[in-house]
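Q: Residue numbers (numbering that gives the first Met the number 0), protein chains in the order written: chain A, 0 to 379; chain B, 0 to 240.
Derived by calculation from the structure, the hints in this document are not laboratory data.
One or more of the hints may lead you astray.
[Said to hold, decoys possible] One side only, chain B facing chain A, incomplete, derived with CB under 10 Å:
| id | residue |
| --- | --- |
| 1 | GLN35 |
| 2 | LEU56 |
| 3 | HIS70 |
| 4 | LYS82 |
| 5 | VAL90 |
| 6 | THR147 |
| 7 | ASP172 |
| 8 | SER173 |
Glycine included, C-beta positions come from ideal geometry on N, C-alpha and C.
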Amino acid sequence: MLGKSQTVFLMGNEAVAKAAIAAGAKIMFGYPITPTSEILEKWIEFSPQNHTLYLQTEDEMAAGFGVIGACLAGTKSFTATAGPGNVLMQDAFSMAEALRIPSVGIIMQRGGLSTSTVIYSQEEVTLTCFGGNGEGLRVVYSTSGLQDLYDYTLKAFATAWKYRFPTFVLGDGYQGKMKGEVEIYKPQNLIDSQPILLADKKYAAGDKKSLAYYYPYINQLTHRPLTNISLGDSVNLRNCLNLEEDIFEIIESYKRDFQKVTPEIVEYEEMETKNAETIIFAHGIVAAAARVAVERLRENGVKVGLFRPITLRPFPTQQIRRVIKNTKRLIVTESALGQFGGMIKEALYGQTDIPIATYYRPALGITPEMLVDKVMEIEK
Amino acid sequence: MGNKFQNFPKSWKTKSKPHLFCPGCGHPIVLKMLGQAIDEMEIAKKTVFLIDIGCSLLAWDFFNLDTSQTHHGRTIPVAVGFKMARPDSLVIAYVGDGGGYAIGLQHTLSVALRNNPITTILVNNTNYGMTGGQMAPTTLLEEKTSTTPLGRQIDIHGQTIKGPEILAGVVADSAYVARGSVRQPLVLKNYLKRALQTQLEKQTFSFVEALSFCPTNWKTAAKETLEQIEKLEEQFVCKEF
Ligand SMILES: Cc1ncc(C[n+]2csc(CCOP(=O)(O)OP(=O)(O)O)c2C)c(N)n1
Ligand code: SF4
Chain A
0 MLGKSQTVFL
10 MGNEAVAKAA
20 IAAGAKIMFG
30 YPITPTSEIL
40 EKWIEFSPQN
50 HTLYLQTEDE
60 MAAGFGVIGA
70 CLAGTKSFTA
80 TAGPGNVLMQ
90 DAFSMAEALR
100 IPSVGIIMQR
110 GGLSTSTVIY
120 SQEEVTLTCF
130 GGNGEGLRVV
140 YSTSGLQDLY
150 DYTLKAFATA
160 WKYRFPTFVL
170 GDGYQGKMKG
180 EVEIYKPQNL
190 IDSQPILLAD
200 KKYAAGDKKS
210 LAYYYPYINQ
220 LTHRPLTNIS
230 LGDSVNLRNC
240 LNLEEDIFEI
250 IESYKRDFQK
260 VTPEIVEYEE
270 METKNAETII
280 FAHGIVAAAA
290 RVAVERLREN
300 GVKVGLFRPI
310 TLRPFPTQQI
320 RRVIKNTKRL
330 IVTESALGQF
340 GGMIKEALYG
350 QTDIPIATYY
360 RPALGITPEM
370 LVDKVMEIEK
Chain B
0 MGNKFQNFPK
10 SWKTKSKPHL
20 FCPGCGHPIV
30 LKMLGQAIDE
40 MEIAKKTVFL
50 IDIGCSLLAW
60 DFFNLDTSQT
70 HHGRTIPVAV
80 GFKMARPDSL
90 VIAYVGDGGG
100 YAIGLQHTLS
110 VALRNNPITT
120 ILVNNTNYGM
130 TGGQMAPTTL
140 LEEKTSTTPL
150 GRQIDIHGQT
160 IKGPEILAGV
170 VADSAYVARG
180 SVRQPLVLKN
190 YLKRALQTQL
200 EKQTFSFVEA
210 LSFCPTNWKT
220 AAKETLEQIE
230 KLEEQFVCKE
240 F
């Protein structure tokens with residue numbers, strides 16, 4: 000799958016900008032916010048030789064809706080933000096969700112409530128997974144280090160344009176700002192970006208490039224259709240509907256699509272889970288600490304393993320249910336007050352009698368030592 | 000086959016007519032002038048029509064033009080993004096006075112300051128039509144709305160906004176700013192044409208405010224509707240700025 004690769008020394012945010020270029024993105028819209036500002040700065044720095052465009056917008060709403068406009072026109076584009084900016088940006092992605100507009104958002108989580116801190120946190124999980132008013136019909140990759148930032152930014156564009164669900168890369172300030180070696184490469188096949196809002200009569204219905212392919216229910220349309228699209232010599236799209244039944248039907252069709260492609264999209268990492276008596280559930284940067292903790296505990300003969308969902312949407316529910324068979328203890332840890340923990344518990348509801356221990360440190364770092372201590376505590 | 004729509008602009012979509020605006024509404028007059036302007040300039044193929052949430056949302060399948068609704072107040076940034084991706088297209092953001100002067104004012108101003116090559120058409124009916132006639136930034140002093148039942152008061156509700164006057168003070172020389180009225184549709188059409196020409200020929204910013212009727216929320220019959228817009232024209236100067 001990889002083209003020619005090269006190892007370079009990069010900051011996390013720089014790796015994201017490089018990956019977006021490699022993914023074929025042509026425009027970045029952004030509003031400065033720590034800890035993501037360098038993505039926009041680096042994008043601008045890399046622009047001349049890559050012929051890309053950018054706009055520093057008046058706010059994150061303009062950035063998000065700028066992405067919508069460019070993607071409607073068929074140009075891969077994206078934005079990056081954090082914390083309060085993520086709140087504002089999500090409005091646009093709810094429109095992307097409603098109209099199946101492929102689009103990418105990069106998020107480096109900031110700490111907690113309101114403006115708060117800027118470095119270490121996993122408190123934008125619920126916001127990123129479910130957005131504003133919407134149903135969470137989106138893909139969220141939770142990255143766990145520098146290489147992940149490159150790999151999953153690249154993948155986010157492929158996923159968004161292949162499946163037409165808005166796609167997010169969810170990092171944190173720590174990952175965005177850290178520096179180290181990253182293997183960079185070009186994907187061998189880039190997915191084409193087709194205009195959505197331009198009547199393009201080149202493509203016949205049934206052709207994979209036609210709009211009807213992406214909106215399979217289009218053929219059922221009559222005047223004042225039951226859906227949000229009207230086709231003739233032009234494309235007419237709406238997100239405001241008159242009848243509850245209309246929106247119900249649209250959501251149902253999107254849900255079916257989402258469920259159908261979930262097995263293709265879902266990703267997770269397992270470490271030492273085979274004979275594990277204790278399973279740690281962690282995602283993102285906390286999973287990086289959990290890996291080290293598992294290594295140390297295993298060296299001391301403690302049968303512990305790690306399960307890390309990489310996609311938080313869609314969530315690896317089936318795999319989680321499988322991995323807990325034959326275990327004795329479960330523990331969920333995150334730098335938040337149970338946003339991820341709630342997802343694990345929902346996946347396990349009615350599946351097991353084993354109590355689920357929690358180790359929540361909202362906006363605080365979680366070290367391998369802390370996790371070693373926590374595991375030893377519940378082993379007793 | 001006789002065409003019962005022969006008086007309609009070619010760019011109108013006949014199968015979505017009759018339209019959904021209230022009887023006597025000004026929006027369809029603005030849209031008719033826009034349709035004629037597009038026909039006369041023969042630019043339907045390159046035109047992309049982006050509409051706000053407000054009564055403008057009713058125009059989602061009004062034209063045989065590539066059209067999309069956006070969110071309330073966010074049509075202008077969608078237009079900017081589209082135009083960046085497709086500089087050869089003609090991009091119109093069609094918004095109400097709530098969308099353009101309240102919830103999306105930062106976008107209205109920012110595109111003017113940046114001289115972004117899009118055309119904003121803002122329909123000023125001095126209230127929030129879609130949500131039932133609440134006060135808008137354009138509501139006149141003393142004007143009664145459902146949220147100013149005793150009339151708009153300067154010390155409570157603030158001054159009425161004059162959009163083109165503000166924008167004229169910040170735009171580049173190459174930009175185009177005008178205010179027309181649905182009471183003078185042909186003058187309005189000329190302004191719309193010049194705005195579209197500005198985008199096409201100079202690739203710079205253009206803005207037209209259209210004073211418009213909202214008989215439903217003004218609670219006016221035809222005669223009073225005309226009297227009301229004449230009153231508005233005294234306060235909102237119709238001209239090229
Ligand atoms: C974010 C958001 N806030 C509020 C609304 C509710 N809303 C819908 S239309 C509208 C006002 C429309 O007024 P205006 O922009 O003046 O357009 P008009 O209907 O008068 O043409 C409001 C407040 C919304 N859709 N979205
Ligand atoms: S409420 Fe007013 S602006 Fe809206 S359609 Fe009716 S008359 Fe027109």
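Q: Looking back at the hints listed earlier, which ones does the structure fail to meet?
A: 1, 6, 7, 8
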